[in-house]
Amino acid sequence: MASPSVFAEVPQAQPVLVFKLTADFREDPDPRKVNLGVGAYRTEECQPWVLPVVRKVEQKLANDNSLNHEYLPILGLPEFRSCASRLALGDDNPAFKEKRVGGVQGLGGTGALRIGAEFLARWYNGTNNKDKFSIFVLHACAHNPTGTDPTPEQWKQIASVMKHRFLFPFFDSAYQGFASGNLERDAWAIRYFVSEGFELFCAQSFSKNFGLYNERVGNLTVVGKEPESVLRVLSQMEKIVRITWSNPPAQGARIVACTLSNPELFKEWTGNVKTMADRILTMRSELRARLEALKTPGTWNHITEQIGMFSFTGLNPKQVEYLVNEKHIYLLPSGRINMCGLTTKNLDYVATSIHEAVTKIQ
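When the letters of the sequence shown are read in order and numbered with UniProt numbering, they come out as residues 1 to 362.
Because the hints were derived from the structure by calculation, they are not lab data. A couple of the hints might just be wrong.
Derived BS3-like pairs: lysine-lysine, alpha-carbon spacing no greater than 27 Å straight-line [claimed, not checked]:
{"#": "1", "residue 1": "K318", "residue 2": "K360"}
{"#": "2", "residue 1": "K20", "residue 2": "K97"}
{"#": "3", "residue 1": "K327", "residue 2": "K20"}
{"#": "4", "residue 1": "K318", "residue 2": "K99"}
Go ahead and model the full structure; you've got the sequences and the hints to work with.
Written as structure tokens, this is what we have:
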């Protein structure tokens, strides 16, 4: 008699919703189908976009015979870590001159968040105090899923409260450049907190603003009060990385580092980022205009007041279910949509479908 599987008691996990949504979309034969759930940029033709500057840099790297496939250092490609941190904080940030900034290459923004969280779980000594020293994760810009960012004045108020209560800011910066099309503006909150004397972490992702989704390119920027503390933090993070993924991949980090360190390529990249941001802004305006022209119940100004890739529509789960099942428009139950899934070809269909859902389903 065969022995039972050692895995017999393992329960079946629920699928990851956003990826299940994309799988359902791909299997749907309906020609009207629209995917508003995917967390990636799409062109007017609803296709993935390899940034022209990325194509150029990939070719440049392919022709560089000095490169090899040796392991990177545990903390990652040094020039990438430096360029990434400078992108977040600004080249002229005094923290660099004072040598109190460090970086750790991560597997995307998720990996950077994981390393930061693991470090804080081991070494942050304020988590037992409910009123002070708590850790706050803050989206630097283009908040996901709401698309609603604090104003500079509101950020100042948030910083004031956090400083008074000795709270630790852990920024999640996945969309620098995507929110407004301006890299400096989208990093304003991070830079303000540093200028106010905060020690902080900032997890950066280059999936969206470089289109390097499957390269998993991320960085954890560490800002401390003095160089010695940053070095100690990095020494402990090195231990964490060693038992997590040991060494990060090189290709994506090389693409980002090469682009950010070359003025000509950097200028081209900022143009590519603005192209993506501008298309998103256009789709926001067009969707709002169509819904208002249809006199769809409710107000729709929030679509253009929100910013970044995602919009929190306000549609309820039943209305979303109607859109998915009856109209083959795929979006999350929360009502969040990816504005990049909209094109001039499907805007009318999406708008009339939302109008139907809102008027028919309460």
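Verification of the hints:
1. K318 / K360: Given that 27 Å is the threshold and the Cα spacing comes to 10 Å, the pair holds.
2. K20 / K97: Violated, at about 47 Å.
3. K327 / K20: 18 Å, holds
4. K318 / K99: 53 Å, violated
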